[in-house]
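Got chain A; can you put chain B on it based on the hints?
Going down the list, the protein sequences come from chains A and B. Under our numbering, the very last position in the first sequence is 767; numbers go up by exactly one each time. Under our numbering, the very last position in the second sequence is 721; numbers go up by exactly one each time.
The hints are simulated quantities; they were obtained by calculation from the structure and are not laboratory data. In this text, all values refer to a predicted model and were calculated from it rather than measured experimentally. Ideal Cβ positions, reconstructed from N, Cα and C, are used throughout, including at glycine. Hints are not guaranteed to be accurate.
Rough simulated footprint, nothing fancy, chain B against chain A, three-plus residues with beta-carbon under 8 Å [said to hold, decoys possible]:
| no. | segment |
| --- | --- |
| 1 | 333 to 340 |
| 2 | 538 to 547 |
Pairs of lysine-lysine residues, derived as BS3-like cross-links and limited to a Cα-Cα distance of at most 30 Å, are as follows [to be verified]:
| no. | chain 1 | residue 1 | chain 2 | residue 2 |
| --- | --- | --- | --- | --- |
| 3 | B | Lys586 | A | Lys681 |
| 4 | A | Lys521 | A | Lys681 |
| 5 | A | Lys681 | B | Lys615 |
| 6 | A | Lys557 | B | Lys664 |
| 7 | A | Lys684 | B | Lys664 |
| 8 | B | Lys664 | A | Lys681 |
| 9 | B | Lys492 | A | Lys557 |
Here are some, though not all, of the chain A residues that point toward chain B, as calculated from beta-carbon distances under 7 Å [said to hold, decoys possible]:
| no. | residue |
| --- | --- |
| 10 | Arg233 |
| 11 | Leu237 |
| 12 | Tyr238 |
| 13 | Arg240 |
| 14 | Val242 |
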Amino acid sequence: MQTTLPLDDRQALLQAAWKRLDTRFPQVEAVFADLLDAAREALTPQGLAAYLDAARQIGKLGRGAEPLLVFLEEWPEVAKAAGETALDAVMDCIDRMQKSPNGRAITDCLQTLAPVARRLPSPALLHDYLAIALDLMTRTTGSIHGRHATLPSPGLPDFFTRAPMLLDQLSLGGLANWVDYGVRNYANHPERQKDYFSVQSADSRAVLQRERHGTLFADNERRLGLYLRGVWQDDAPLIAYSTAFDQMRKPVPYFDRLGFRLPDVYDDAAGVTGLDRYRVALAHMAGHRRWSQPLVADNWSPFQRLAVECLEDCRVDTLLIRDYPGLRAVLLALHPRPAEDGCDAQTTSCLRHRLAMLSRALLDPQHGYTNATLNAFAARFHALLAHGPASTREIAALALEFVTRTRQPSDQFAQVHFADTVVDYRDDNRHLWTFIESGDEEDTLEQQSKPQQTHDTPTLPPRHYPEWDARSQSYRPDWVSVYDTLHPSGDPAVIDRLLSKHATLARRLKRLFDLLKPQDRERIRYQEDGSELDLDVALRALIDFKSGAAPDPRINLRHRTNGRDIAVLLLLDLSQSLNDPVAASGQSILQLSQEAVCLLAWAIDTLGDAFAIAGFHSNTRHEVRYLHIKGYGERWDEPVKARLAGMQARWSTRMGAALRHGAHFLGARKADKKLLLVLTDGMPSDIDVADSSLLVADARQAVREIEQQGIFPYCISLDPQADAYVGDIFGRQFTVVDHIERLPERLPQMFIALTK
Amino acid sequence: MIDTDQYLVRQEPFYQPQGREVALFEAAYRKRLPVMVKGPTGCGKSRFVEYMAWKLGKPLITVACNEDMTAADLVGRYLLDANGTRWLDGPLTTAARIGAICYLDEVVEARQDTTVVIHPLTDHRRVLPLDKKGEQVQAHADFQLVISYNPGYQSVMKDLKPSTKQRFAAFDFDYPAPELEAAILARETGVAADIAAQLVKIGAVARRLKGHGLDEGISTRLLVYAASLIQDGVAPRDACGMALVAPITDDADIRSTLDHAIATTFA
Chain A
12 MQTTLPLDDR QALLQAAWKR LDTRFPQVEA VFADLLDAAR EALTPQGLAA YLDAARQIGK
72 LGRGAEPLLV FLEEWPEVAK AAGETALDAV MDCIDRMQKS PNGRAITDCL QTLAPVARRL
132 PSPALLHDYL AIALDLMTRT TGSIHGRHAT LPSPGLPDFF TRAPMLLDQL SLGGLANWVD
192 YGVRNYANHP ERQKDYFSVQ SADSRAVLQR ERHGTLFADN ERRLGLYLRG VWQDDAPLIA
252 YSTAFDQMRK PVPYFDRLGF RLPDVYDDAA GVTGLDRYRV ALAHMAGHRR WSQPLVADNW
312 SPFQRLAVEC LEDCRVDTLL IRDYPGLRAV LLALHPRPAE DGCDAQTTSC LRHRLAMLSR
372 ALLDPQHGYT NATLNAFAAR FHALLAHGPA STREIAALAL EFVTRTRQPS DQFAQVHFAD
432 TVVDYRDDNR HLWTFIESGD EEDTLEQQSK PQQTHDTPTL PPRHYPEWDA RSQSYRPDWV
492 SVYDTLHPSG DPAVIDRLLS KHATLARRLK RLFDLLKPQD RERIRYQEDG SELDLDVALR
552 ALIDFKSGAA PDPRINLRHR TNGRDIAVLL LLDLSQSLND PVAASGQSIL QLSQEAVCLL
612 AWAIDTLGDA FAIAGFHSNT RHEVRYLHIK GYGERWDEPV KARLAGMQAR WSTRMGAALR
672 HGAHFLGARK ADKKLLLVLT DGMPSDIDVA DSSLLVADAR QAVREIEQQG IFPYCISLDP
732 QADAYVGDIF GRQFTVVDHI ERLPERLPQM FIALTK
Chain B
455 MIDTDQYLVR QEPFYQPQGR EVALFEAAYR KRLPVMVKGP TGCGKSRFVE YMAWKLGKPL
515 ITVACNEDMT AADLVGRYLL DANGTRWLDG PLTTAARIGA ICYLDEVVEA RQDTTVVIHP
575 LTDHRRVLPL DKKGEQVQAH ADFQLVISYN PGYQSVMKDL KPSTKQRFAA FDFDYPAPEL
635 EAAILARETG VAADIAAQLV KIGAVARRLK GHGLDEGIST RLLVYAASLI QDGVAPRDAC
695 GMALVAPITD DADIRSTLDH AIATTFA
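Isolated chain A, as found in the complex:
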């Protein structure tokens, strides 16, 4: 740090520095003296020298005066936050950008370097940040003929612009993941890449959300629901609102008739974990729901309302503490502790400060405030609450009196004291007020209700499933939309004709299935350990014993029930390739599958197992159709047969989403054993995925997920080349049917073998 120098010295220094900078930009010359003063304030002499050398280098990049000006302005700030030694990393970064087609982004990079450095206050962290940026740059810089990098990275400038906002919410690791996701998915799509890196696109926000630091609402929703139900006997739904994209207007928790609204993430604060902050916010709102009554607000000034809200909040908090004394420590940790002389009543409006102090005093017995009025009101407050919970109305009267008694002329000032007055676990108290008049505005329009959107065909809203991205080993959140529909119907007589065509096969199968039928109670004799003495055997053994022979020790019997408790889902791949004819018979694979499925369905129906059939096909990730052919509750009768008869094949095979959706239904069944049979004729593929090995990996991941749910997946593949990939997906749980003509016979047999 240098003190002010005599004018001559300053002039000499300025000239030396100007010479060292060696530039002739008039824009720079105009401000250089001031900039140098600021730099001298912030930098050591060595740092100043390095600063000037670096600036000289930037000035000679041939990119005009702007990068130089920005650097001269920003660097002292950066050095203050991250240390002077970070300069090497920055210069290295600039050098590499200059040598790539991304030189234009240098200005963007320097522009946000100071706010970034404030969030990453060490040279090492700043170095890592620049490494992430360079990684993004090298991986997205395009080339036309694949040899020389010629096209600048489309996302890089947006990334630099957004970097301070991103670092507010992400750790460096999270930022690296977020960048990596964007590069992987949008490297070849400049427009979408821009959307992603400027945090415009939906999945950019979703991935950002996933990588955020702090305690995420989504991870704790059930825990909070349990807390609300168990401790506060409230079961209103919990709804998260986003805090990521609302920098100006910080939303606070609130509740309305739809439920409790909470922020989507809470960082740990003041030694209180994010989870506890959620709990406290919930407890406070639940307390309002329990103890607060709405008041008519029309005749009260904003100041009065503010005071009423504050005291009512205190009343609720006091009652909460009364119920659960341990909450006091958490509440006080989160409650600001305004200094008694923290607000200058001559220049600023101090009402908020007075109320925050009162609020602190009401909750904290060791508040230490000496103001007599404040202590008097605290005493009156406690007296009011000494016997029972009091009421909102009584508290409002007290609050109004407090405003009147402590009123100061400065309360009307425009400059309002905000520091240390925000209690962030408290909600916005919108429930506390009812308005008789809807507003003063004359042009209040009649609220027009939006006309209901009408669909041509009634469809359920889609369910979204994640998809496994093997390259990053992570899920793409809510990636695939699955639509449930009933399969269109055909002529049920077709199925009956098919069954009669296979009458001999059906008879043979029936015999097999009869063997599978549960035998109710089975007696097992000749047991050493059993539940009952088998008297006949026992007496025989006794006679043997008495006559000197070795007696048979197995003289007991026991009973065993032999039941079958199994739920089956048959999932049919209904993609376009099913329409291919099978060489030998001239039938299409679809027709053969139809025959096989109807035999199997008939057989399982006679067996009495819970059984559903569904088909699936997909047309990009935005439209995966899941077609219900038979539900668990339906009998094997005309409507089901009609749907089976109407089986149609088109589009592609996005297997993972269909497996997850099928498992969603099967998992809800209450059965000991759950079997998910997949009948497919080819490998997973879809037209929006160029590399179908990704969909294979996703299907494998889906299989793992459903196995964890206690479901046994099994694949029957009709693709002779299936060995190459089906084992990757299903492990050893698959069969490849080579002779497709024999499918009608093989399918029921496989089912029997699987469930025997």
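Structure of chain B alone, referenced to chain A:
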């Protein structure tokens, strides 16, 4: 002969009536009606039966039912000895012979076809046919059958046959009201009234989570365990963790909720 004394309840068990159940039970006993005691686990069903046996001065034979129990385990079976076979009465037969109260605890745990053997004892016949032995046991005039059962298990498998249910007069038990439950804790363990009240409050938290990951809330019995641990000098939070949280759930979310309730209750 059979030593009847061993089945007598000698000391008065502590039982806190929740309503008129004592008088009603006495009335049922006067008419020798079979009685069913329903209620969640650990709410005092067995204690009530024990208390009534003491009050009526009758022997009590308790059978804890289980999945592997067969009709032979209740009625009796032939055993082998040096001279051939020997019949051994089961607990139900013994109770019918000596005129005891036979208490089948958690009767739904036994398989439904096992419980059918009690049917002839529970209607006007009051006999127990021993088909293997060829004997018809006429129940003693003092004999009464009591079963307990927990309707909380929402399972098709764990339920009584309608034909079994319709043979009993039933008492519906539930966890006692908070003040009563606190009084029970204090009386049973000698714990201070305020601690008893706090424990009851934690119990209530868990009971409200039933069906949201908990099959059963924290029972009065567990609260008594916690109270006796506290009475023995264990810190309340540790006692609660050990007696109230760890036994009932492995669900991390529920654990965390209960731990939080405990931490904020015992501040």
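Hint check results:
no.: 1; hint: 333 to 340; in the structure: holds (count 6)
no.: 2; hint: 538 to 547; in the structure: holds (count 4)
no.: 3; hint: B:Lys586 with A:Lys681; in the structure: 39 Å, violated
no.: 4; hint: A:Lys521 with A:Lys681; in the structure: 26 Å, holds
no.: 5; hint: A:Lys681 with B:Lys615; in the structure: 21 Å, holds
no.: 6; hint: A:Lys557 with B:Lys664; in the structure: 60 Å, violated
no.: 7; hint: A:Lys684 with B:Lys664; in the structure: 26 Å, holds
no.: 8; hint: B:Lys664 with A:Lys681; in the structure: 19 Å, holds
no.: 9; hint: B:Lys492 with A:Lys557; in the structure: 51 Å, violated
no.: 10; hint: Arg233; in the structure: 5 Å, holds
no.: 11; hint: Leu237; in the structure: 4 Å, holds
no.: 12; hint: Tyr238; in the structure: 5 Å, holds
no.: 13; hint: Arg240; in the structure: 6 Å, holds
no.: 14; hint: Val242; in the structure: 5 Å, holds
Checked against the numbered hints given earlier, the structure breaks hints 3, 6, 9 and satisfies all the rest.
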